[in-house]
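Peer 1: Heads up: the protein sequence lines correspond to chains A and B, in order.
For the first sequence, the numbering used here gives the first residue as 1, with consecutive numbering after it.
For the second sequence, the numbering used here gives the first residue as 1, with consecutive numbering after it.
If you are wondering where the hints come from, they were derived from the structure by calculation, not from laboratory data.
No experiment lies behind these values; they were computed from the predicted model shown.
Treat each hint with caution, since some may be false.
Note that the list lumps identical chains together, so a pair holds whenever it fits in one copy or between two copies.
Claimed, not checked - BS3-like mimics (lysine-lysine), calculated; alpha carbons at most 27 Å apart, straight line:
#1 Lys204 x Lys160
#2 Lys2 x Lys64
#3 Lys2 x Lys25
#4 Lys25 x Lys64
#5 Lys59 x Lys25
#6 Lys25 x Lys204
#7 Lys204 x Lys193
#8 Lys64 x Lys204
#9 Lys59 x Lys47
#10 Lys47 x Lys2
#11 Lys193 x Lys64
#12 Lys207 x Lys25
#13 Lys160 x Lys47
#14 Lys204 x Lys47
Number of protein chains: 2
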Amino acid sequence: MKRPLYIQIAEDLRNGILAGEYQPKDLLPSENVLAANYRTSRMTVRKSMSILENEGLIKPLHGKGYYVLPPDHTMFSMVFSENPPEGQFRYLEVNIVSPGEDVARLLQLQGNRLTIVIRRVLEQGGQVVAYDEKYIPYERGVPSVEFELHYAEFPQMFEKRFVPLSLHTEMRIALEKVPQHVCAALGVEPDEKLMVINRLILTKDNKPVGFARQYCTEGYGGLLAQSGYYTSKGL
Amino acid sequence: MKRPLYIQIAEDLRNGILAGEYQPKDLLPSENVLAANYRTSRMTVRKSMSILENEGLIKPLHGKGYYVLPPDHTMFSMVFSENPPEGQFRYLEVNIVSPGEDVARLLQLQGNRLTIVIRRVLEQGGQVVAYDEKYIPYERGVPSVEFELHYAEFPQMFEKRFVPLSLHTEMRIALEKVPQHVCAALGVEPDEKLMVINRLILTKDNKPVGFARQYCTEGYGGLLAQSGYYTSKGL
DNA sequence: AAGTGGTCTAGACCACTTC
DNA sequence: AAGTGGTCTAGACCACTTT
Numbered sequence: 001m002k003r004p005l006y007i008q009i010a011e012d013l014r015n016g017i018l019a020g021e022y023q024p025k026d027l028l029p030s031e032n033v034l035a036a037n038y039r040t041s042r043m044t045v046r047k048s049m050s051i052l053e054n055e056g057l058i059k060p061l062h063g064k065g066y067y068v069l070p071p072d073h074t075m076f077s078m079v080f081s082e083n084p085p086e087g088q089f090r091y092l093e094v095n096i097v098s099p100g101e102d103v104a105r106l107l108q109l110q111g112n113r114l115t116i117v118i119r120r121v122l123e124q125g126g127q128v129v130a131y132d133e134k135y136i137p138y139e140r141g142v143p144s145v146e147f148e149l150h151y152a153e154f155p156q157m158f159e160k161r162f163v164p165l166s167l168h169t170e171m172r173i174a175l176e177k178v179p180q181h182v183c184a185a186l187g188v189e190p191d192e193k194l195m196v197i198n199r200l201i202l203t204k205d206n207k208p209v210g211f212a213r214q215y216c217t218e219g220y221g222g223l224l225a226q227s228g229y230y231t232s233k234g235l
Numbered sequence: 001m002k003r004p005l006y007i008q009i010a011e012d013l014r015n016g017i018l019a020g021e022y023q024p025k026d027l028l029p030s031e032n033v034l035a036a037n038y039r040t041s042r043m044t045v046r047k048s049m050s051i052l053e054n055e056g057l058i059k060p061l062h063g064k065g066y067y068v069l070p071p072d073h074t075m076f077s078m079v080f081s082e083n084p085p086e087g088q089f090r091y092l093e094v095n096i097v098s099p100g101e102d103v104a105r106l107l108q109l110q111g112n113r114l115t116i117v118i119r120r121v122l123e124q125g126g127q128v129v130a131y132d133e134k135y136i137p138y139e140r141g142v143p144s145v146e147f148e149l150h151y152a153e154f155p156q157m158f159e160k161r162f163v164p165l166s167l168h169t170e171m172r173i174a175l176e177k178v179p180q181h182v183c184a185a186l187g188v189e190p191d192e193k194l195m196v197i198n199r200l201i202l203t204k205d206n207k208p209v210g211f212a213r214q215y216c217t218e219g220y221g222g223l224l225a226q227s228g229y230y231t232s233k234g235l
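With the hints as extra help, turn the sequences into a complete structure.
Peer 2: Here it is as structure tokens:
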């Protein structure tokens, strides 16, 4: 029933900005003015301001005021799951292999270090729409091949061996030539090019610990990303 | 020289989390305990907590404590600029045309409404790497065709006619068949498939006001996205 | 009842910008 | 000097969870 005052103030200001009352490069009313208008304390107003700041709508300038930011249409956020919500997958191979040159380079493998590889095809409506493969440097014993399969998503495989929150993923989406072993599974001709989603799992020190890629056909549907005024608000 | 105390506290806790002292699903020390340890007030500690919360590292649970969150490797952030930092572009055509069926549908155009179209090729190292086209519903007079060209980035074209911050961009990256008029410019065969970056500019009410797409060849290099522990920290 | 986070106050002093 | 945001305090009362 009763909403906190700082939420109310933030909403009023946000509406003002989205309605164009406050234009980009304008200054909002000062903290003192707002505190007086709402008959509250400065700290409460500051809480409202920090919300709008986190949403990317305003930026405080020390000694001047709160400046309304111009919109940014170059920062996008995107959700990607290796197992699309609608659709199944099928394992093709789980094995310990010598990786190709490209994978060895990406994983910075020394000598002839082996990797566990997990290959799958993703299906949607009975159609094969993507080929998925994951590479993990092989160490004797741990992790066992069977072990890795218990995890739904790739980065989870590493959370037992690394501090979970110290890992991050770098993704690269590009058009690439499809390698031989993928062609047959996808029913495409050799040398055809497909959209590829490459993911490299890295530690805090940027050491690669895993690599995955998905070759996506036209049926895959594509990736969706969002940008703009309240991208950050879309919680 | 002297950093604020709340920054220090946030750093200590963050380091604790990234070092694994506090594991996902653990609770951090309570506000009162931290305030006592650092000989400060609860409000200062709360400021530290709100930082870590915004970074996606912790989540407060009313009546219980601050819970360390498991990492999320499905949320990505990405920067996309229609004019790649390294490389030039060349205008092919700026015109008022009847759009194709696909564009008319995306822009929800009524009847035989015309659009302004701006077509370019993007070059990198002397090579044509992408074909870029933008569509804007045409209205008599404003906006003039010449006018639109003054803007570096697409969404800026609309900021005079709409409240800037009320617009957002929806991006879709997919593999698509290349239309006839693009083939020649890119030197690819008809019916070949390329990676396409589609962008739809929408108002607050999800009314489309502009559409752009880039057909990217292998030379384009691809898109980079980030996910993980301090994606949000990477300011 | 005791402990936790959530909201809020009425001040203080500081650093920065403008006049 | 006056106005702005930045940091911080020492309380208060509330809502929620656990015992």
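Peer 1: Are the hints correct? Go through all of them and say.
Peer 2: Results of checking the hints against the structure:
1. In the homo-oligomer, the alpha carbons of lysine 204 and lysine 160 lie at most 27 Å apart inside one protomer (16 Å), although the nearest pairing across protomers, at 43 Å, exceeds that limit.
2. For a Cα distance limit of 27 Å, the shortest separation of lysine 2 from lysine 64 across copies, 23 Å, qualifies, whereas the shortest one inside one copy, 33 Å, does not.
3. In this assembly of identical chains, lysine 2 and lysine 25 lie within 27 Å of each other by CA distance neither inside one copy nor across copies; the values are 33 Å within and 31 Å between.
4. With identical chains, the CA atoms of lysine 25 and lysine 64 are at most 27 Å apart within one copy only, with a shortest distance of 12 Å there and 42 Å across copies.
5. In the homo-oligomer, the alpha carbons of lysine 59 and lysine 25 lie at most 27 Å apart inside one protomer (10 Å), although the nearest pairing across protomers, at 33 Å, exceeds that limit.
6. For the identical chains of this complex, lysine 25 and lysine 204 are inter-copy neighbours only, at 21 Å across copies versus 37 Å inside a copy, given an alpha-carbon limit of 27 Å.
7. Taking CA atoms no more than 27 Å apart as the test, lysine 204 paired with lysine 193 passes in neither setting, with 33 Å inside one copy and 37 Å between copies.
8. Taking the shortest Cα distances, lysine 64 and lysine 204 never come within 27 Å of each other, neither inside one copy (38 Å) nor across copies (30 Å).
9. For the homomeric pair lysine 59 and lysine 47, the shortest alpha-carbon distances inside one copy (14 Å) and between copies (18 Å) are both at most 27 Å.
10. Taking CA atoms no more than 27 Å apart as the test, lysine 47 paired with lysine 2 passes in both settings, with 17 Å inside one copy and 24 Å between copies.
11. Taking the shortest alpha-carbon separations for lysine 193 and lysine 64, neither the intra-copy value of 54 Å nor the inter-copy value of 53 Å comes in at or below 27 Å.
12. Taking the shortest Cα distances, lysine 207 and lysine 25 sit within 27 Å of each other only across copies (26 Å), while inside one copy they are farther apart (42 Å).
13. Proximity of lysine 160 to lysine 47 under the C-alpha cut-off of 27 Å is found in neither arrangement, the shortest distances being 38 Å within a copy and 32 Å between copies.
14. Taking the shortest Cα distances, lysine 204 and lysine 47 sit within 27 Å of each other only across copies (25 Å), while inside one copy they are farther apart (32 Å).
Figure legend: structure checked against the earlier numbered hints; hints not met, in rising order: 3, 7, 8, 11, 13.
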